[in-house]
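So in the UniProt record's numbering, spot 146 of the sequence shown is number 146, and the numbers just go up one at a time.
It is possible that some hints are incorrect.
Pair ranges (Cβ atoms, derived) [what the hints assert, rightly or not]:
id: 1; residue 1: S46; residue 2: Q70; range: 32 to 38 Å
id: 2; residue 1: T34; residue 2: T135; range: 37 to 43 Å
id: 3; residue 1: G26; residue 2: Q86; range: 32 to 38 Å
Since the hints were made in silico from the structure, they are not lab data.
From a predicted model like this one, the values you see are computed outputs, not experimental measurements.
Glycine is no exception: its CB is placed at the ideal position from the N, C-alpha and C atoms.
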Amino acid sequence: MVVKVQEEDFDVSAECAGMAESKGAGALVTFVGTVRDYSDASDILSLDIEHYPGMTEKELERVSREAAQQYDILDSLIIHRYGSLQPEDNIVLVAVWSRHRAAAFDACRFLIDVLKSSAPFWKKEMTPQGSRWVTDCPGCRAGSREGHSHAPHAAPHLLHSR
Numbered sequence: 001m002v003v004k005v006q007e008e009d010f011d012v013s014a015e016c017a018g019m020a021e022s023k024g025a026g027a028l029v030t031f032v033g034t035v036r037d038y039s040d041a042s043d044i045l046s047l048d049i050e051h052y053p054g055m056t057e058k059e060l061e062r063v064s065r066e067a068a069q070q071y072d073i074l075d076s077l078i079i080h081r082y083g084s085l086q087p088e089d090n091i092v093l094v095a096v097w098s099r100h101r102a103a104a105f106d107a108c109r110f111l112i113d114v115l116k117s118s119a120p121f122w123k124k125e126m127t128p129q130g131s132r133w134v135t136d137c138p139g140c141r142a143g144s145r146e147g148h149s150h151a152p153h154a155a156p157h158l159l160h161s162r
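Start from the sequences, fold in the hints, and give me the full structure.
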């Protein structure tokens, strides 16, 4: 189990190759989250991601341990970036190795779903209309461009990752 929180970009193939040598895995499932160029029917110019150093890594490690206990996996990798990112930039990589594909798919989905709701990351979108803190809402999770809106937030640093 490896967890990294970093500013610099990552190369999915290089990161996975660096861990794959001794696995004996029959399956590797990866998820890569990238910066969208839209949100709330508005263009996104950039995305600023902040985190709580130390606490963020501990939470990602906890989630990784939970996945290892719940699913028959051999190993996992989570890399999450912070800083100022542009549309199409990588944000997060979740990779899971297992002997069989079902466990790898299930654990990968579990990891990304749980880390998005529990890890202490905060995101601020820069749009042509100004900046706004990102919240986790059903419309955002569904990828909807229209049909929902966000109310202003008085305490954006109390929000979790989307």
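> Which numbered hints turn out to be false for this structure?
Replying inline: The structure conflicts with hint 2 only, although it agrees with all the remaining ones.
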